[in-house]
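Chemist: From first to last, the protein sequence lines are chains A and B.
By the count of my numbering, the first sequence reaches residue 601 at its end, each step adding exactly one.
By the count of my numbering, the second sequence reaches residue 599 at its end, each step adding exactly one.
Incorrect hints may appear among the rest.
Quick list of the computed label-pair ranges, beta carbon to beta carbon [unchecked claim]:
#	chain 1	residue 1	chain 2	residue 2	range
1	B	A471	A	G570	50 to 58 Å
2	A	W178	B	S250	34 to 42 Å
3	A	R182	B	A471	43 to 51 Å
4	B	R19	A	W155	56 to 64 Å
5	B	P330	A	D361	50 to 58 Å
6	B	K307	A	A170	25 to 33 Å
7	B	A235	A	P319	40 to 48 Å
8	A	D222	B	R19	25 to 33 Å
9	A	R350	B	A235	31 to 39 Å
10	B	D568	A	D394	45 to 53 Å
Everything labelled a hint here was simulated from the structure, so no lab data went into it.
Being a predicted model, the structure only gives us computed values, none of them experimental.
Each residue gets a CB set at the ideal place from its N, CA and C atoms; glycine is no exception.
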Amino acid sequence: MKTAASVRPLVRIVRTYRRLLLGAVVSGIVDQGLAVAGAAVGAWLVGAAITGASPDELRPGLIVLALLVLPRAAVGWLESYLAHDMAFRALVDIREQVYRGFERQAPSPQAGRRSGDLVSTAMDDVERLEVFFAHTLSPLVVAVIVPTGSLVALWFIHPALAVALLPVAALVASIPAWLRRRAERQGHALRATLGVVNAEAVDGVQGLREIVAFNGQHTFLDRLDARTADLHDAQLAHGARTGAERAATDALIALGVIVALATAAALVSAGSVPSSLYPTAVVLAGAALAPVGKLGDAGREIGIVIAASDRVFAVIDAPATVPDEGTQPPPEPGPAGPHLGLGFRQVSFRYAANLPPAVQDVTFDVAPGETVALVGHSGAGKSTLAHLLMRFWDVDSGSIRIRDVDVRDLPQRTLRQLVAFVPQDVHLLNSSVAENIALARPGAGQADIERVAHAALAHDFIVDELPDGYDTRVGEWGGRLSGGQRQRIAIARALLRDAPILVMDEPVSNLDASSEHALRLAMSRVRAGRTTVLVAHRMSTIRTADRLVVLHQGRVAEIGTHDELLATGGVYSRLVAPQAGAPDRVLRGSTSEKEVTRHDP
Amino acid sequence: MRAIINNWLRRGTPTAARRLLGLAAGARGWMALGVLLSLLVTATYVGQGVLVATSLIRIFDGEAWARIIPLLVGGVALLVVRAALLWSTELVAVTTGVAIKAQLRRRLYEWLFVLGPGYTAGLRTGTVQATVVDGVERLETYFSKFIVQLIAAVVGSAAILTGMVIVDPLIGVVLAGSAVAICTTPLIARRLQAERSAWFWDTWRRLGSGYLDALQGMTTLKAFDASDERGRELAQRSRDFYHASIRFVSVANLRTGAMGLLSAGGVALAVGMGAIRLSTGALTAFQLLLVLLLAREAFRPLEDLQKAYHSAYPALSAARGVFRLLDATPVVADPPTGATAPDGPTGATSPDGRGTPRTSTGGSITLDRVTFGYDTTKPAVLDDVSLRIEAGETVALVGRSGAGKSTVAALLLRFFDPRSGRVLLGDDDVRDVALTDLRHHIALVSQDTYLFHGTVRDNLALGAPDASQAAIDAAARAAGADEFIDRLPHGYHTVVGERGLTLSGGERQRIAIARALLKDAPILILDEATSSIDAANEAGIQAALDRLAAGRTTLVIAHRQSSVRAADRIVVLERGRVSAAGTHDELLTASPDYARLVA
Ligand SMILES: Nc1ncnc2c1ncn2[C@@H]1O[C@H](COP(=O)(O)OP(=O)(O)OP(=O)(O)O)[C@@H](O)[C@H]1O
Ligand SMILES: Nc1ncnc2c1ncn2[C@@H]1O[C@H](COP(=O)(O)OP(=O)(O)OP(=O)(O)O)[C@@H](O)[C@H]1O
Ligand SMILES: [Mg+2]
Ligand SMILES: [Mg+2]
């Protein structure tokens, strides 16, 4: 059964908290038991009074009634407290697991889901499970035990009463099962559409600048409306079903009372039951079914709970994008020197089965201490190679080696200690400049941070131009910094890592030439001790490399030094031709030059 | 009773409740229907109680069993009616919510767009997400559940209590006493809970923002081995949220407990008193049975109200978030329609009186002694900058990183207003041009490309939703994007993923360029539009742009000589001031800065 499969992981989590659950169940039973007993005693008093009992004869009943009322409040509070305590603790555990799931699956989230949607899973979907932990488990037990007890009590008044009521009780209990399939379908639709609305919400805020700049408000709002309409359709369908179930529950409980009324009437008329017990029988029938009704309140939400649980555990159970199973120790510096070399061996990789390979059969080496530039047209696969080295993805075939150790054989921790990375899309966290740099080494002192900021040519602008220096908050995605400032902070961060291998993916694309030049000088000192892989388009940057690996459509086209490659007149010379003329300040008529390059493949 | 109702409504400030009710403007009819249905449900419970009491009394009176059959049939009829009513109640509640939410969410986004990028730059996306999605979802319960139930409960309970007073004044008064006491329970815990609930919601939003930040930065966090640490931080925050939640629940439960005690106590007292009064002859058996069966019904609506109150509580703190957003002041304000430039040389009003500038084709742009800073307490980013770009001219803006180039672009699009000085579109101060008109005139390729989750085509057509396929093809070709788009698995219909992350950096930029070209606006701003594109591709794009720039006013921000040397004029920005201007050749000789700045 599908439901059972969805609920199983939840039950697994409950095991940790079985004491709390037990406490909740016991207090729940006492609470509902007291409620039933109170109603029955009240009704007994009425019956006794009507059949002529004297005030003295009523007194014990009155005392019992008073005694039943007081503890109820305390027990009720306790039940709810314990159930919620368990629930909220369980939610903390689940959120932690969801985070691990995010971690394992980055940078390709589970089933291509968007971050707004995934956050709604971490937050709201998890929160929905509260219904299961706090409002389903112990009411379920209570709904079995208390009505059973009440039926036994009715049995003692007269077995026929219990027999008449039993089918009604069974019917009430079965209501959530009637439309279970539909409930699940609706639950899934509801949670999924809500997730999409969440994802759109994030896109709307983060892309707001482009939306207003392009007057795309209407397009966005229309799309949002369409998503909202989907959500509302799902909510209406869900409401129609839960409304029907609620109505059915209520009607069946009322039917139970009427059945008890009729049966008891017949029994009293026939003289098999004393008339003083008549009100008790009727009231007991109603009270007996109440816990089943209460369970129904939660039962109606089961579709949502299951859908939420499926979404949550889809994240938790999704396999890691790359498995972290390596156990090799970090490669030791060899006899040749302290540096680590790199090797790409026939590396092929595609992002998805239906996509063409992003890189194919790529083989090259980076000698220890050497700087190699990856160059190639946009989309050639340069960033992909950097990502494969970082093991954001794993190669489909071939291997990437650091001093002859396959990166897949290293624990990811070790790998990340060996390689410092400046990504093409710099992501700064929404915190201070100092914290962003220190991300690379928690606990780094201010002196260290400033040292690397100097090296990355960031110190001056941090101190001179940012409002609060190193404590300036950079905004979401570093939005309060200029493009070049962001890049230099990313470089500083990578330098702080102080790793033997440095991978920089277009680290200076947003820098002006004079800053780039200064940075180049500063970096040459840093790079001296490191093996460096550099992705670049600008010739000034490319020329700082010892050797160039030229990629063309995912394959290595040429390898050599700048001068060698220019001389051979191959892919590289065509690639940089528009720039090659410029540094000599021999400014040809710009159009004629463009004519030349436009016909290039 | 009135005072109590008012108190229920007046949580926080008196205006907050009124404002909240204002949000429900479009759903009043549904809410009224909800109240009506709810009252009818209560009536059927009362009817059922009376029928049961009558049946009981007939049997007590020794009548034949068959005499109660009509009553039983009546009971069954009532339960069928009630089932229908309950079902409708639920539907009406959802419909109420839907009506409110659809409107509110749209309104919030419309308002966010008015607040503009200048405002949202300082926000956390996760907080906005929580407000417009979860917040609105929760807010709705205030109306569809709480307000409806409040009115229905007060009216329903009052009616039943009145009935009870008629049955027996003494018992009626006792029951009414407990009902009033029940209504005051929320007041006892109000202060306590209000604080908790504000904290609760804030913690929730912060936790959500934390997850969003971590999720979007996960690749970076992983690269620096910092994801574990971040995970621990979030777990700690999630535990804080656990504490907030459990405290909230325990306070709420105190109230529920007090309420349960009062209602159970009230019923028990009424029944006990009734039994005694019957035995002393003050009450008839029928009256006692009515007390037994109806005393509970008097409290049932109040209990439902209590449940509704519980689910509506987060609504109040969510409402604060919603109002905070709605109360924010836009960074730039749209001019009142029909306004003319106050100090403009000529009246800018077009014949239709809508303040539309006459600069509908071409259009020059002017910065007239503009001073601007993001932070009012800090030195300006742009200091007394004057710059004029004639209609049809191509001007390049170069300068060190952080010099303020992108800021100039932001001012032209009026994401911000200058501290002093003016930005002119044609002859009109941009402050006098309707924002949509202004932005209609400008196409932007921003420095950090943002692509939306959606197809390539949707992204391209952002500024021109009705563009023909031929126009899209042409724009893509000019931006050098046609070739790789063709290679994508579904061509123009390929979904590019969040932020376009399934594309390479240069591919994203080319889509952004094509998107701007497709908008076909008289003014084009290219902010380092080709920074991630290889030289060969760039040259192609450059040639196409040169062709398209004809007749267009173009501002090019760039660092590469290849992008700027074709410009009619080049302006060098140095620490927020214009330090030199001229053609490429002029500047090469005249400005040592320039030669160093462009490669
Ligand atoms: N996450 C992804 N999913 C699917 N395809 C991808 C993904 N990332 C990149 N690609 C595709 O893989 C190819 C290589 O991309 P890559 O980012 O490695 O290019 P690049 O050489 O770095 O280009 P650029 O210079 O523009 O940054 C491109 O065609 C791109 O569309
Ligand atoms: N939204 C913002 N809030 C606060 N300060 C900002 C914001 N955007 C930019 N700044 C600051 O304003 C200054 C100018 O930034 P701007 O983005 O205009 O520079 P730029 O010339 O475009 O530089 P780059 O070439 O690096 O992109 C920088 O010091 C930057 O830190
Ligand atoms: Mg790349
Ligand atoms: Mg900039």
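Chemist: Would you list, in rising numerical order, the hints stated earlier that this structure does not obey?
Modeler: Violated hints (numbers, rising): 1 and 7; every other hint is consistent with the structure.
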